[in-house]
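Colleague: Protein chains in written order, with the numbering used here: chain A, 1 to 337; chain B, 1001 to 1313.
Please keep in mind that the hints were generated in silico from the structure rather than gathered at the bench.
Source: prediction; values computed, not measured.
Every residue gets a Cβ at the ideal spot worked out from N, C-alpha and C, and that includes glycine.
Take these hints with a grain of salt, some might be off.
Unchecked claim - The calculated label-pair distances, taken between Cβ atoms and stated as ranges, are:
id, chain 1, residue 1, chain 2, residue 2, range
1, A, 132, B, 1190, 51 to 57 Å
2, A, 220, B, 1186, 40 to 46 Å
3, B, 1088, A, 164, 26 to 32 Å
4, B, 1295, A, 285, 39 to 45 Å
5, B, 1061, A, 15, 38 to 44 Å
6, B, 1115, A, 132, 56 to 62 Å
7, A, 33, B, 1186, 47 to 53 Å
8, B, 1010, A, 133, 37 to 43 Å
9, B, 1186, A, 258, 52 to 58 Å
10, B, 1008, A, 219, 54 to 60 Å
11, B, 1089, A, 133, 22 to 28 Å
12, B, 1010, A, 195, 24 to 30 Å
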Amino acid sequence: MTQIKKIFPYLVSVLAAFVVVGLLLWVLKFNPLKAFETMLFTSFRTPNGFIQTLLKWIPLTLTALAFTVPLSSGKFNIGAEGQMLVGAIGAAAVGIIGKDLPLPVLLPLVILAGTLAGAFWGLISAWLLYQFNINEILSTVLLNFISFSLVDFVATGPWRDPAAGHPTTVPIGEGGFLPMLVKNPPLHSGIIIAVIVAVAIYYFTSKTTAGYELVVTGANPRASKVHGIDIKKMFLFSMVIGAACAGLAGAIEVSGVHHRLIEGLHSNFATLGLIIGLMSRGKNSAVPFVAFFISILEVGGSAMQRTVMVPVQIVLIAEALILIFILLSDIVKRRQK
Amino acid sequence: MSGLEGTITDFLKLTFLSMVPFVLASQGTMLSGRTGVFNVAQEGIMLVGAAVGFLVSYITGSNLIGAVVAMLVGGLFGLILAYFTTTLKMDQFVVGLALFFIGTGLSSLLPKIVIGVTLTPPLVPTLREIPIPLLSQIPIIGPVLFKQNILVYLSILISIALWYALYRTNLGLKLRSVGENPKAADALGINVVSNRYITSIIGGMLMGLAGAYLPMVYTGTFTDLMTKGRGWISIALTFFGAWSPIPILFGSLFFAAVEVLSFRFQVGSSIIPYQFLTMLPYVATIIVMIFTFGKSRVPSFLGQNYDRERRTL
């Protein structure tokens, strides 16, 4: 019963957002019902659709965690995009340099390098916050822009693949490829890593002392400080863990999907990760489920663009509206008390 | 000699030209911040302003109407921000980020709906230079300061007007008190809520105009994500300018100069990879933040919501 009560505001929010988007589509002379049908059911019609959804779910869950883990301590990490890209650079660099290494050596190195590179990128913002009290929203966003140039530099530098028209590096060694779980349509084993990370973060924040200190810091920094928690360290720590998740997402994209560094591989994952994190109200345990729902919408949205010719940006509007309605439902609840 | 003089004149002229979006967006941030509303949706509002400003100019054939509609849309975003934070008391960062997404999404969606996909980009005329008689004849200073488009003049005037309004009028004193100590302001009969709404709306309008400037001056058309982080840089710039109109004006000149330099070097040099020059504005912003954050004076109540029924603040 309580579960239903918890999910109820979500359902109403989704419904309300769809009504608004439906009206918008109707005004634009599209068929709303057909658009919604494509948006919601493409993932479940074919095996390919379902695997596409899972493939989106991996980076979305990780970039959303990159936002929610720092948010547990009250900090806003808007830099998942940059952390993911720098993670991808790290993974690709190790994969290219060590391209002759066998899989049991290279694969862990590639994944680890990506994760650490992402964590390092987050550490810059965390350090700026720790040392100079610089607002983390600003520093993480600015580092995103810097990372775009870095990717361009690496993908057009000595490792450039001359055969590719778009800035792209040569492939990493085959030992760095994530093994496939399903051959056709392809599903790589990065999904296992993502599930483990999501569960580990849930366990850490809800069942361990250190995780508890983190959450308490976010709930009331002043009280936490009085009770002897080093809140500045908590900020630093949570930012770095979050950034590591984003870096891992970048490494998985390189090692599982593209097998090389490609400019633009970050897609819109980080923005969606933020939306997912906000929809989950910063709750790490809700992230994987919300991420799955958003993956369905994303896969359905691109199908909708192809079949019903509705611009794919409609999906982003729908997601933003769902977010707004979820936030509004909090206020309704507050008023009812 | 005249070659060098020409280069310097060109550089300064471009700097003043590029200063405008920074000035408008940062003054908007500053104004709403002065009553405690911390807007972090600049990037989204500027993008919407750019898209709407461009589309309306394209359809009506008038840049003025385009700019006005862009301001109205920006003002609407400011109104929504004020409603959600001041009336509904939701977290300012969360609402700001949500508005940033909506703005970004809308800016990318609207041109596709209104114009569709075209092979050649649709263009609007860029803003003309309006030379001021006599003054524009002065060497160097003339072309730099007095032979610019209307929004260059306007952004300087707005900055001076804001300084005057905030520091030399009773209204400004009241407004500042809302951002410093809303409880005391409320007790003195100053309407905290309406002050917050008004500054947030005007702030949003300035950001919308800042966005509309981009297609009307730089490209003549709208391209996705064309703000390139200028909105975010404006927040840093507002801290750099100590939340005060005149320092913000000079800070904007500095950031504009970095932008022009990074672009100029990309064309000229082959020693430094161009990617590192593209990074320059963002790196400069971070370095500037290191030296100004924590040192500059910030409105005490910035980013917080006032609830008159609460005992403690």
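Colleague: Each of the hints needs a verdict: does it hold here or not?
Modeller: Do the hints match the structure? See the list:
Between residue 132/A and residue 1190/B the C-beta distance comes to about 34 Å, which lies outside the given range of 51 to 57 Å. For the pair residue 220/A and residue 1186/B, the supplied restraint of 40 to 46 Å is violated, since their beta-carbon distance comes to about 25 Å. Between residue 1088/B and residue 164/A the beta carbon distance is about 50 Å. The supplied range of 26 to 32 Å is therefore violated. A beta carbon spacing of about 40 Å between residue 1295/B and residue 285/A agrees with the range 39 to 45 Å that was offered as a hint.
For the pair residue 1061/B and residue 15/A, the beta carbons lie near 42 Å from each other, so the given range of 38 to 44 Å is met. Here the CB-CB span from residue 1115/B to residue 132/A is close to 45 Å, at odds with the stated 56 to 62 Å. Against the hinted window of 47 to 53 Å, the Cβ-Cβ separation of residue 33/A and residue 1186/B comes to about 51 Å, which satisfies the hint. Checked against the hint of 37 to 43 Å, the C-beta distance between residue 1010/B and residue 133/A comes to roughly 39 Å, which is consistent with it.
Remark: the range hint 52 to 58 Å for residue 1186/B to residue 258/A is upheld by a beta-carbon distance near 57 Å. Look at residue 1008/B against residue 219/A: about 56 Å separates their beta carbons, and that is inside 54 to 60 Å. Remark: the range hint 22 to 28 Å for residue 1089/B to residue 133/A is upheld by a beta-carbon distance near 26 Å. Between residue 1010/B and residue 195/A the C-beta distance comes to about 57 Å, which lies outside the given range of 24 to 30 Å.
Checked against the numbered hints given earlier, this structure breaks hints 1, 2, 3, 6, 12; the rest are met.
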